[in-house]
Amino acid sequence: MTATLSIESLVVLAVLTPFAGALLIPLFRSAPNLRETVTLVTAGTLCAVTFSLLGPVLDGARPEAQIIRVAPGLDLAFKVEPLGMLFALTAAALWVVNSIYSIGYMRANDEPRQTTFYVCFAVALGSTIGIAFAKNLFTLFLFYEALTLSTYPLVTHKRNEEAVRAGRIYLLLLLGTSLLLLLPAIIATWAIAGTLDFTPGGILAGKAGAPVIAILLALYIFGIGKAAVMPLHFWLPAAMVAPTPVSALLHAVAVVKAGVFTIVKVAVFIFGVDHLSSLGQSGWLTAVAGTTVIAASIVALRQDNLKRRLAYSTISQLSYVVLGVAILAPISLTGAAMHIAAHAFSKITLFFAAGSIHTAAHLTEVSQLDGIGRRMPWTMAAFTIGALGMIGIPPTAGFLGKWFILTGAMQTANWLAVSVIIVSTLLNAGYFLPIVFRAFFRDPPADRHGPKLSEAPWPMVLALAATAVGSMLMFFLPGIPYALATLMMGR
Amino acid sequence: MNAVWPHLPILQVIVPLFGALLAGLLRRAGPAFAVALVASWLMPFIAGAMLWQVLTTGPISYHIGGWPPPWGIEYRVDALNGFVLVLVSAVGAVIMPFARRSVAFEIEEGQQAWFYCMYLLCLTGLLGIAVTGDAFNAFVFLEISSLSTYVLIALGRDRRALLAAFQYLIMGTMGATFYIIGVGLLYLLTGTLNLVDIAGRLGPEWTNHSRAIVAALAFITVGVSLKLALFPLHAWLPNAYAYAPSWVTVFLSATATKVAIYLLARFFFSIFGVAIDFRDLPVTEIVIALSVAAMLVASLIAVFQTDLKRMLAYSSVAQIGYITLGIGLANLAGLTGGLVHIVNHALMKAALFLAVGAIFLRVGTVRLSDLAGIGRKMPLTMTAFTVACFGLVGTPGTSGFISKWYLVLGALDKGWWVLVFLIVASSLIALLYVGRVLEIVWLREPLPALAQASDPPASMLLPIVVLAAATIYFGLDTEWTAGIASTTAKGLLGGLR
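In the order they appear, the protein sequences are chains A and B.
Heads up: the first sequence at position 151 corresponds to 151 in our numbering, and the numbers run straight through without jumps.
Heads up: the second sequence at position 142 corresponds to 142 in our numbering, and the numbers run straight through without jumps.
Check each hint, because a few of them may be wrong.
What the hints assert, rightly or not - Selected chain A positions facing chain B (in silico; Cβ < 8 Å): (1) 70; (2) 71; (3) 156; (4) 191.
None of these hints come from the bench; they were simulated from the model.
The C-beta atom is built at its ideal place from N, Cα and C for all residues, glycine as well.
Turn these sequences into a full structure, and let the hints guide you.
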């Protein structure tokens, strides 16, 4: 079958697969085992289709598919380029793992409305692939909004007061920024450039003066609320009210990475790196990203709730990618692209571990975790690997992205960026290592009874072990992400 | 076929007119509904055939009774009114099947035949305004549609419907009077009532002594603005929509205001724009200012409504602001956006009000506080409702996005960045009122009172789903909406001085 499919139809198939899954899942609402099988088959198919595109893309193919012409010059169209490939691969691979984890988590915690949960999840993943493979800003924007709307029911999954309030913040901030800032930026780009296609070297160079470009860039950076650049980051901690599999895949990988991915895409393919650099846009961008990196880390230090601490860590790590863009050196952009993938594997591991602790021991606060490592050795070992990835210590993939970004900062003598990276590394260590220390080297509180060894259900442990191994594998075998990240710059 | 073909313009009006007569004579609900259904389903074929003819061979001119214009009444169809005729008749046809159950539920047995009679008269009036090329004939049809509308609103079960109908009667009569004063002034100036002829006779020589023209412009603008509920002349609309029978609200929101908007555009671009230089007068600026005020103020009022129907009524006032904004911008992108929003808003608002009607049938109330958790009881209805809500906000992939896209382009074309942000700000307010409803409808536990609620029968569900699907479809394929709107806008702007 696959042999007869053209590479173009594979692109369409990749985007459609999750949506097809979303249509099928409700049919099996009364048979949970079948329903979960549909989710797993869908995730597996998506993963296989995405990987089948990898070879051709590495060989230089850029498969395209035009779906419909919405208006003259406004197309719903897909085109796979290396950066999108990297993002799609990350999301697709982690969806398989996350689905296994979700099944364990949702059943062990006896969550209600599981059919809705899996449907929205599939739609969210389909939107993510749509963002990754978008050929132009219009297509990207369409799926960007679809991602917000499809994850809203997941954030409000618990349906209690707290969840509904969090949902409000989530929707208002994400849709608000995109309606108020991103949409005008996109339409203005269209008015100036006459196209919205992602083009190597950008489409705006020489078409507008420096002030207009600076305003547009600001509209994009703050309009892409999913990147959680401060002060528009509140939605992310609020979203932590969702079930942990949602926080893990969507609010550590798909949604937030869609944000920074869009920023990288816009910087490279709409503005053009050389163009931005010649206009001297690096300074304020570095300051904005650097502030977010440091400030979010400081806030993370003070969070006792584990998921909230992870959320602030995500905000900080996302701005590493923005920082990689702000430095405006090719090598730092390579680093930014790699960091998208590397952070995904590490952060999902950390969330998996948090959910596993919640499920097995019903603990949510960092201060409760004394001695938990002895009870849940697999979980906490994986957590440790994830934490090392956050700090950027070998042998984890987090090291690579940071290394390239730092190299770029030094090449361009951007000392502000250099110091941000160094200080934030210390801060990262400051809020992650104490957790590891507590878990392994402190005695469990005397009043805690229960079995000595009680891990979470096996699907969850399997999932978190897989992502932990994945983040180490990416350090030892960085070939694919590195190749894609360098190909992105068109070299 | 050949015998019918040249007479399409008059058939567009005659068929519903005689249908009204027949429905009134039949006196019984079932047969009257059948007549209304047949007449409504014939309309889109007639309108579609005319639009096709216009787009392939140019405007149609039909002389009533064989009297040539300007002595006789001319029916004249070009791209602009061809487009409006198709919209009005298509919406009428799609929503008609819904009427049977809804009307049977909300209106007394003995009055149902009169209801269909009044509906067909109203349809006659609206299609007549659109098809005629004669200023006075348009007034006659305006009155036919208005008088039948007053009756339709007054048929509402709630006694406040009488007050709402009376309020609309006062305002509507003022509007019609203003309109006819304006037409009278034009007749004094030119000695003709034929629209094309008026435009032809108001040549360049009028530029320097155009006070009478300006007065006519002012009277007609205010008069028509009352009918189309341009802010701040919208006061009649929320009550009328809220207390009218459910199906009447659907029909009015999708067609009546849209036809009035057509009339405004016709006078602006085919008559006054030809006669005088708009740039010397603050007309477009006033229209833009009022439109923006509508978009922001009416949306804000909508946020605080406790009644779903009333909330959607205020949302209509705001959305009409989008359309008149496009007319006020008067450039290609802006006018395209305004014209395309006539269609897009009609389709999504019809879907929303239909869903409200379905809720009323099942629950007997549309107070927001009584609808907690209705989404899980009426999943298909409320999914369609939700899709149409996204259209109001202008999410990409829905038709509302297309309208917004062109309007923002129109504002950028003028270099008005502030206006750009006002447009997107109003869609953010739309998100507030829409989000509030969706939260109540989907995230709350269903109330015990809703235990028996379920999706309505297929005859009601299908129109809702079709219109919601159209909201998505016309967000992705705009050849038949924005494409025609753009051609029309080009034609209208090309005629301006």
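So, going through the hints one by one against the coordinates:
| no. | hint | in the structure |
| --- | --- | --- |
| 1 | 70 | 6 Å, holds |
| 2 | 71 | 5 Å, holds |
| 3 | 156 | 6 Å, holds |
| 4 | 191 | 5 Å, holds |
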